[in-house]
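Number of protein chains: 2
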Amino acid sequence: MKWCRFDNGGVPIYGLVEGDQVIQVDGDPFNGHRETDVRLDLGQVKLLVPVVPPTLYAGGLNYPDHVVWAAEHAGTAPVWPKEPIVGTRATSGLIAHEENIVKPDDATEEFQYEGELVAVIGKTAKYLSREEALDCVLGYTIGNDVSERTWQRDDPNNWRAKDSDTFHPMGPFITTGIDPTDLEVKVRLNGDEKIRFNTGTMIWAVADYIQKITRYHTLQPGDTIWTGTEGATLNMYPGDTIEIEIQDIGILRNRVVSES
Amino acid sequence: MKWCRFDNGGVPIYGLVEGDQVIQVDGDPFNGHRETDVRLDLGQVKLLVPVVPPTLYAGGLNYPDHVVWAAEHAGTAPVWPKEPIVGTRATSGLIAHEENIVKPDDATEEFQYEGELVAVIGKTAKYLSREEALDCVLGYTIGNDVSERTWQRDDPNNWRAKDSDTFHPMGPFITTGIDPTDLEVKVRLNGDEKIRFNTGTMIWAVADYIQKITRYHTLQPGDTIWTGTEGATLNMYPGDTIEIEIQDIGILRNRVVSES
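Chains A and B are the protein sequences, given in the same order.
Convert by adding 5 to the 1-based position in the first sequence; the result is the number in my numbering.
Convert by adding 5 to the 1-based position in the second sequence; the result is the number in my numbering.
Worth double-checking, as some hints may not be accurate.
In silico SDA-like links for lysine to any residue, alpha-carbon gap of 25 Å or less [claimed, not checked]:
| hint | chain 1 | residue 1 | chain 2 | residue 2 |
| --- | --- | --- | --- | --- |
| 1 | B | K131 | A | N105 |
| 2 | B | K131 | A | E264 |
| 3 | A | K131 | B | D159 |
| 4 | B | K51 | B | G127 |
| 5 | B | K128 | A | V57 |
| 6 | A | K131 | B | K87 |
| 7 | B | K131 | A | K131 |
| 8 | A | K199 | A | K131 |
| 9 | A | K51 | B | T129 |
| 10 | A | K131 | B | T129 |
| 11 | A | K87 | B | P161 |
| 12 | B | K191 | B | G244 |
| 13 | A | K199 | A | K128 |
| 14 | B | K128 | A | T41 |
| 15 | B | K131 | A | K199 |
| 16 | B | K128 | A | N105 |
| 17 | B | K131 | A | D160 |
| 18 | A | K131 | B | T113 |
| 19 | B | K87 | A | T155 |
| 20 | A | K128 | B | G127 |
| 21 | A | K87 | B | Q157 |
Which chain B residues face chain A? A few, computed with CB under 8 Å, are given here [what the hints assert, rightly or not]:
| hint | residue |
| --- | --- |
| 22 | R44 |
| 23 | V91 |
| 24 | R94 |
| 25 | A101 |
| 26 | N105 |
| 27 | D110 |
| 28 | T113 |
| 29 | C141 |
| 30 | D168 |
| 31 | H222 |
| 32 | P226 |
| 33 | G227 |
Using C-beta positions, here's what the derived DEER-type ranges look like [claimed, not checked]:
| hint | chain 1 | residue 1 | chain 2 | residue 2 | range |
| --- | --- | --- | --- | --- | --- |
| 34 | A | G196 | B | T81 | 43 to 51 Å |
| 35 | A | N36 | B | T41 | 48 to 56 Å |
| 36 | B | V84 | A | Y242 | 30 to 38 Å |
| 37 | B | I28 | A | N203 | 53 to 61 Å |
| 38 | A | G37 | B | A82 | 50 to 58 Å |
| 39 | A | H38 | B | V262 | 48 to 56 Å |
| 40 | B | D70 | A | N203 | 28 to 36 Å |
What the hints contain is simulated information worked out from the structure, not anything from laboratory work.
C-beta atoms are modelled at their ideal positions from N, C-alpha and C, and glycine is treated no differently.
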């Protein structure tokens, strides 16, 4: 099942994507829904972020080559995370598929993408074991964790480096019933594939994150867990288009524009 | 004007506090309201957190004695923040006045309170100057930024140390029309006053935080900015009651209980 959320005359509503059609629903993926008779052309609807999470959790340093790259970039030795690294982010930075990433005027050249699998929580959850962890997941979407690398050095909370307005493209769809440990991710900059990786190479899996988070936090319906990216990341410039494609979910595409 | 938010048969609604009465309103402080004829006894309503913020911003190391204390505690030299320190937190840790702070079983003795003034944003805001910064503020409430100090050392994101379930008591009221640069704060542990300070001694004022945040983030109605605490903080144990009183707002009171 593939969920989308779209604008209906100023009101966000949910739909189910089938091919190039959207079946409008009453309700939502979290509290129950009923299909209506309304069918829309997917190309004609204005997609919104598929959910506005009560809390946006973000993992970090979660793929082997990215750990090595980040250490080289910082001039330090790579440090393998002994447990999942968790942070939270503002939701004000969320933008939808096809909306523009705005590069702040004072950002340096090191303004980069990070293509990530995002787990969307479907129900309230606390104290989950690793084995039952995925039971609370509704499905998966795609995130681009835009990062200004020079700001990141002095910003332990990443509130500016990773969290400014438009720094969190997410979407286009939430796909249910797929295995988060075996999905192919491709990242393209202006149409050129820059990296391809499988989510099975995550250092800590979605289930590990959920087990750890729910030891201390109650996860809520709509919360999202961003799971980190792989490899070296590259600079983006105004005019560039960045696409992140994840198998069985879709393509998240955004253009970079200048703030001024 | 003093706002409260309370439970009305499972539905959160807003009211205006006048003495020991609550005037129930239609609407809310952000989108307009109308007083109803319903008057309730303040002592009889179940208060909720006065707002669930889209984003909970948290300042840090923002009072001189606390900067010195935190450095002594960490065995380092005090470092004066050259600009406001900003982070964001999960909202799942919010609890209301008179609800219980749950001390996790694996928390150490260093489980502490932080009494803080909290600014509540009233309208969408971006690119505010310091002079116009306070125009976007609806009013002020009280926060207790509960902190596990040993976890804090290894937790740059503070997601566990300051962000676990029940670690963010907030309330009881939002007071409008008061000056955030001259409010007396008193913190009492089991009825004994442990510290008294004035918000005028903040290193970075509410206006500084708003100016800095809105350079990069769009503030949204209901967002909260927690502004840090003063002085040394003390351990709390199950059975303790912690009260934070701020002039013209009220008293935020919570009891500590054990997780198990």
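Hints versus structure:
no.	hint	verdict
1	B:K131 to A:N105	holds, 17 Å
2	B:K131 to A:E264	holds, 13 Å
3	A:K131 to B:D159	holds, 23 Å
4	B:K51 to B:G127	holds, 24 Å
5	B:K128 to A:V57	holds, 19 Å
6	A:K131 to B:K87	violated, 39 Å
7	B:K131 to A:K131	violated, 36 Å
8	A:K199 to A:K131	violated, 38 Å
9	A:K51 to B:T129	holds, 23 Å
10	A:K131 to B:T129	violated, 33 Å
11	A:K87 to B:P161	holds, 15 Å
12	B:K191 to B:G244	holds, 20 Å
13	A:K199 to A:K128	violated, 35 Å
14	B:K128 to A:T41	violated, 35 Å
15	B:K131 to A:K199	violated, 34 Å
16	B:K128 to A:N105	holds, 23 Å
17	B:K131 to A:D160	holds, 21 Å
18	A:K131 to B:T113	holds, 21 Å
19	B:K87 to A:T155	holds, 17 Å
20	A:K128 to B:G127	violated, 30 Å
21	A:K87 to B:Q157	holds, 16 Å
22	R44	violated, 33 Å
23	V91	holds, 5 Å
24	R94	holds, 6 Å
25	A101	violated, 15 Å
26	N105	violated, 14 Å
27	D110	violated, 10 Å
28	T113	violated, 14 Å
29	C141	violated, 13 Å
30	D168	holds, 7 Å
31	H222	holds, 5 Å
32	P226	violated, 12 Å
33	G227	violated, 11 Å
34	A:G196 to B:T81: 43 to 51 Å	holds, 49 Å
35	A:N36 to B:T41: 48 to 56 Å	violated, 28 Å
36	B:V84 to A:Y242: 30 to 38 Å	holds, 35 Å
37	B:I28 to A:N203: 53 to 61 Å	holds, 59 Å
38	A:G37 to B:A82: 50 to 58 Å	holds, 57 Å
39	A:H38 to B:V262: 48 to 56 Å	violated, 38 Å
40	B:D70 to A:N203: 28 to 36 Å	violated, 52 Å
Hints 6, 7, 8, 10, 13, 14, 15, 20, 22, 25, 26, 27, 28, 29, 32, 33, 35, 39, 40, counting from the list given before, are not met by this structure.
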